[in-house]
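This is what each chain is made of:
Protein chains: 2
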Amino acid sequence: MAEIVRVVVDAMGGDNAPVEPVKGAVEAVKEKKEIHVILTGQKEVIEKELAKYPDYPTDRIEIVHASEVIETAEPPVNAIRKKKDSSIVVGLNMVKKKEADAFVSSGSTGAVLVGGQVIVGRSKGVERPPLAPLLPTLEGVSLLIDCGANVDARPSHLVQFAKMGSIYMEHVVGIKNPKVAIVNNGAEEEKGNALVKETFPLLKACKDINFIGSIEAREIPMGYADVIVCEAFVGNVILKLYEGVGAAMMKKIKGGMMKNLRSKIGALLVKPALKETLKDFDASEHGGAPLLGLKGLVVKTHGSAKAVEIRHAIFQCEQFTKQEINVKIAERILESKNQEPAKEQED
Amino acid sequence: MAEIVRVVVDAMGGDNAPVEPVKGAVEAVKEKKEIHVILTGQKEVIEKELAKYPDYPTDRIEIVHASEVIETAEPPVNAIRKKKDSSIVVGLNMVKKKEADAFVSSGSTGAVLVGGQVIVGRSKGVERPPLAPLLPTLEGVSLLIDCGANVDARPSHLVQFAKMGSIYMEHVVGIKNPKVAIVNNGAEEEKGNALVKETFPLLKACKDINFIGSIEAREIPMGYADVIVCEAFVGNVILKLYEGVGAAMMKKIKGGMMKNLRSKIGALLVKPALKETLKDFDASEHGGAPLLGLKGLVVKTHGSAKAVEIRHAIFQCEQFTKQEINVKIAERILESKNQEPAKEQED
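In order, the protein sequence lines correspond to chains E and H. Read in the numbering used here, the first sequence has 241 at position 239, and its numbers run on one by one without any break. Read in the numbering used here, the second sequence has 175 at position 173, and its numbers run on one by one without any break.
What the hints contain is simulated information worked out from the structure, not anything from laboratory work. These numbers come from a predicted model, not from an experiment. One should not assume that every hint holds.
No copy labels: a pair is met if it fits in one copy or bridges any two.
[What the hints assert, rightly or not] Dumping the calculated SDA-like pairs for lysine to any residue here, alpha-carbon to alpha-carbon at most 20 Å: (1) K256 with E278; (2) K54 with L140; (3) K254 with E141; (4) K98 with N18; (5) K277 with G305; (6) K193 with E76; (7) K32 with D57; (8) K206 with S125; (9) K253 with Y226; (10) K266 with E36.
Generate coordinates for the entire structure from the input sequences, incorporating the hints supplied.
Next up, the structure:
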């Protein structure tokens with residue numbers, strides 16, 4: 003177990019860079035002594051930003067210069083290949099060379115996903131590394147796995163997602179024997195598309211996970227399962243609709259509260275309590291989405307992430323590293339492979 | 003154009019039967035003179051329920067006895083086959099025999115879908131009849147097509163959904179030149195699973211729809227598109243997550259408002275305005291989900307539908323029938339078939 007956890011933070015990534023990533027890094031090192039942050043990006047820009055904070059432990063924030071910036075709109079594969087001196091590529095290379103334990107970025111999701119796979123590389127036996135954000139629910143949080151860029155998954159991918167997700171929820175989020183469910187269009191056993199029907203019995207047969215069966219989308223926000231397994235296209239729909247419905251409802255509610263004098267006064271009285279409650283339902287409080295199954299940890303935070311999310315993502319990296327999640331995942335995947343009848347393993 | 007629209011209402015279907023379906027029927031005939039309702043189900047039960055309403059036009063509500071009831075948990079195919087004297091089968095047979103224009107039920111979704119296809123039958127050329135609920139958005143409503151029971155659709159199915167959905171939105175909901183979008187995991191042209199990638203150029207080539215490209219799930223509640231095309235598994239996830247996130251947020255908000263004395267007073271002041279605003283965001287205000295592409299109209303309302311939803315569904319049927327949507331759909335599908343190069347047409 004490393005005493006110091008070294009987290010690279012992409013200082014150039016996201017809508018609020020460099021302000022928020024730098025702020026999040028400063029807050030993180032101030033709050034926890036075991037954290038060392040490496041900010042990658044344009045040195046002058048980062049230095050100027052850091053100069054705003056007079057009292058932080060300067061020995062635990064380091065800058066590694068990277069002259070280039072990958073824009074969100076750039077085709078990811080090209081960007082990773084060509085911009086060798088970008089904050090993302092430089093940061094991921096540090097993880098690859100074990101100069102850092104983890105990498106956090108609010109930059110281009112595509113570039114982070116591609117870079118994570120190409121530069122850091124998959125753990126032995128992992129068929130497809132899933133992107134797994136935490137969703138807020140009425141009970142706490144659930145891990146939605148997979149929301150990555152590779153769609154049309156195979157049943158064996160989903161089985162690995164279930165295993166990796168269980169390890170993450172147990173050791174990073176602290177939920178004992180996490181409940182695993184597969185997203186389905188009905189609760190009955192005969193429901194499902196071809197992929198779900200094929201995957202269901204495989205999950206049922208896994209002895210190393212706590213599989214509780216199908217979950218309908220309606221039940222996801224209720225927190226009935228801790229690990230929500232699905233193919234990435236469906237995961238993407240779930241993640242984005244969660245945000246969309248939430249945002250639309252908040253807009254409606256705000257509009258309703260501003261309707262007349264009576265409601266405006268009511269709004270003033272109700273606001274503090276409401277804000278407090280809805281904070282729990284805000285994904286940014288829970289850090290970023292880990293890309294699991296790699297040889298190092300890569301965490302993707304929202305493009306619009308603020309310092310609070312960056313800080314939480316850094317703490318997530320600390321927990322992940324201390325708990326040696328990658329080792330646990332590699333062992334579990336290898337174990338499963340050994341128990342399986344021989345068959346093709348790669349994508 | 004028929005002067006009187008005859009709508010069969012399943013008096014035994016749903017959690018609130020017979021109370022709410024009967025109430026909805028009474029309200030509908032009271033509000034609109036052109037509507038004639040036929041209530042199917044156990045005669046005595048319905049008569050007792052109707053006796054509660056002293057002043058409605060009794061000549062426009064008729065009872066057709068059906069001794070059996072299909073339960074929600076019954077396997078649909080079996081239920082339709084065996085319970086020939088159920089309210090659903092009796093009602094659908096009336097539509098088939100042109101004794102009624104439309105059928106509305108809050109009962110078993112599976113039985114209504116199966117019965118609609120098997121008893122009423124598909125329109126000529128329609129490959130798969132989609133179930134298409136209206137989703138509330140910040141701009142009004144959008145049609146989500148398909149949310150039916152048949153998953154793993156083919157590209158040609160999605161193209162037909164787009165055409166049928168456009169006709170519905172234009173002539174029933176009254177949106178001129180409705181914007182059609184396909185649900186995707188990104189806005190970029192190269193995004194999508196195999197189905198979406200294959201369907202996208204087909205939709206782009208359709209001259210009879212206003213195709214605007216991909217829509218990410220986040221944008222659905224914003225109302226950026228009028229017709230949201232997707233495969234039924236994804237549609238099911240969208241529909242149910244919409245409900246789930248909404249319900250979870252309302253629970254959170256209510257909890258927040260009851261937090262302390264200050265917020266409780268605020269809640270009292272803000273409640274009426276809030277209720278009014280959130281009404282627009284309530285799916286039940288918009289009636290039920292039509293099963294399109296059949297030889298008659300079948301509308302599925304929520305299992306928990308109240309009279310207001312039944313009433314709106316009946317009005318939907320009136321509009322649908324007066325606008326001769328089925329004729330329009332049949333013509334459009336036939337037109338498209340004629341323009342296509344010859345190929346296999348059936349499921």
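Against the structure, the hints come out as follows:
1. K256 with E278: both (16 Å within a copy, 12 Å between copies)
2. K54 with L140: Result: close neither inside a copy nor across copies, 38 Å intra and 41 Å inter.
3. K254 with E141: between (24 Å within a copy, 11 Å between copies)
4. K98 with N18: neither (26 Å within a copy, 60 Å between copies)
5. K277 with G305: neither (23 Å within a copy, 33 Å between copies)
6. K193 with E76: between (40 Å within a copy, 14 Å between copies)
7. K32 with D57: Within one copy only: 9 Å inside a chain, 74 Å across chains, cut-off 20 Å.
8. K206 with S125: Answer is neither; intra-copy 25 Å and inter-copy 41 Å both fail.
9. K253 with Y226: Classified as between; 16 Å across copies, 27 Å inside a copy.
10. K266 with E36: neither (46 Å within a copy, 43 Å between copies)
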